[in-house]
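Enquirer: These protein sequence lines map, in sequence, to chains A and B.
Going by the numbering used here, the first sequence opens with residue 1, and the numbers climb by one from there.
Going by the numbering used here, the second sequence opens with residue 1, and the numbers climb by one from there.
Careful: at least some of the hints might be erroneous.
Claimed, not checked - List time: in silico BS3-like cross-link candidates among lysine-lysine, alpha-carbon distance up to 27 angstroms:
1. K211/A / K77/B
2. K211/A / K111/B
3. K211/A / K18/B
4. K55/B / K211/A
5. K15/A / K77/B
6. K23/A / K111/B
7. K77/B / K227/B
8. K33/A / K108/B
9. K111/B / K33/A
10. K23/A / K77/B
11. K45/B / K18/B
12. K111/B / K77/B
Simulated from the structure, these hints should not be mistaken for laboratory data.
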Amino acid sequence: MFYLDDIGRYFLMLKGVFSRMTKRSVLRNLIFKEIDDLIIGSLGITVFLAFFIGAVVAIQTALNLTNPLIPKQLIGFASRQSVILEFAPTFISVIMAGKVGSFITSSIGTMRVTEQIDALEVMGINSLNYLVFPKVVAMFMYPFVIAIAMFTGIFGAYIAGVYGGFLSSSDFLTGLREEFIPYHLVYAFIKTFLYAFLLATIPSFHGYYMKGGALEVGKASTSAFVWTTVVIVISNYVLTQLLLS
Amino acid sequence: MIEVKDLHKGFNGEKILKGITTTFHRGKTNLIIGTSGSGKTVFLKCLLGLFTPEKGSICYDGSTYSELDEAQQRDLKEQMGMVFQGSALFDSMTVEENVMFPLMMFSKHKKDEMLDRVNEVLNRVNLENANAKLPSEISGGMQKRVAIARAVVTKPKYLFCDEPNSGLDPRTAIVIDNLIKEITEENDITTVINTHDMNSVMEIGEKIVFLKNGFLEWEGDKTQIFKTDNQAVTEFVYSSNLFKKVRDAQLKGL
């Protein structure tokens, strides 16, 4: 019953986010600020992680190809498939649930604790729209982050595979182009859009409805990370079943 | 003027406010006092429209809040200013941006005109050179003055203050009290202050409402509070050693 109550409140929050819009000129500035905080601020860590994830995928694949009958190009093929289908959209989103999610929960939670949200409400401002809507809009840029992660991941796989001596550059590039299905990119970006929405709204929910003081802000950040990850993993399964099978 | 009639409010089955009826007058500093847990903050949040009463009504210059539609309630809220206990300034904004915020949200004036109004209000609260500073870079007393400036920048009809003196030294507390009183008189607004500071009662208590366990125990002004024989009020007032010594000295004819 407790979880049903929270799920109900989450959807009521979404209704509040998209109603009684804040003045357009104010919203525009807030959206740019959120893009800077949530998207631009995440690029560095995303590029770093994606590069090494791609590199590890290439090495693991290479080390498991013990049968000499299996062509070496498979390393490029497997790296591309793993990075595009799973590692870039899902793995990076789980990490973003920690980075972006805890930032959103702690910033909104601190505003709750220090009565800044009450101050907005007293002024007659729809605090949900003012605080959460710009984050949702900013996160529509998130697929660009994932696109960069895909590129960097495959680049990392290339570096590790070729310079690690596992296969030649031409073998990797042949494997990379082999049996490419454009729909897989569509699938990956559909997932990414959903994850972007979840990354903006679930941590906002935990920050907005938190009660207590500084300690509870920390607890809310942790539970926001856990729940965002849980929902991402479940929706990953559901979307994969719906879109690929 | 704010008229409160038979106000009830509770949480999870526990009654916090138990039938409060009183009137807060325009152009005067109205104080809500009482011990911790007496229901002062809940009462103030009901007045602000942050809590919906279970029973009773709050009437703002003839408009009963519960009878207004959502748009009218929003219009009414735009006529309210609030000074929070912890100032509740927006951390990421400078002093100037904090004070300009309500104007940015609701005013249709040009930015230059808004800036003029912001500077006028900041001058009024004696904060001429703090425009570019962040809330974390100024003292507690200055933060309170910024909060007052933000609350009055839109020229509200109602000003609410939740323990405006908490965490301030006695001298700064008096400055803040007098500032609120002067602004109330200058702008002819209805000011309601939630406090348990007896110095504030002495300084600016033009109308005092004493709450005890959710009931309105006593109401009067700052001269009457020292003469009342209501035991709860007497215990509250003379719980301060300073006031106890003054009273003992008066009784001894010193």
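Enquirer: Hint by hint, note whether the structure agrees.
Expert: Structure-based check of each hint:
| no. | hint | verdict |
| --- | --- | --- |
| 1 | K211/A / K77/B | holds (24 angstroms) |
| 2 | K211/A / K111/B | violated (37 angstroms) |
| 3 | K211/A / K18/B | holds (25 angstroms) |
| 4 | K55/B / K211/A | holds (26 angstroms) |
| 5 | K15/A / K77/B | holds (22 angstroms) |
| 6 | K23/A / K111/B | holds (15 angstroms) |
| 7 | K77/B / K227/B | violated (37 angstroms) |
| 8 | K33/A / K108/B | holds (23 angstroms) |
| 9 | K111/B / K33/A | holds (20 angstroms) |
| 10 | K23/A / K77/B | holds (16 angstroms) |
| 11 | K45/B / K18/B | holds (15 angstroms) |
| 12 | K111/B / K77/B | holds (23 angstroms) |
The structure is inconsistent with the numbered hints 2, 7, although it conforms to all the rest.
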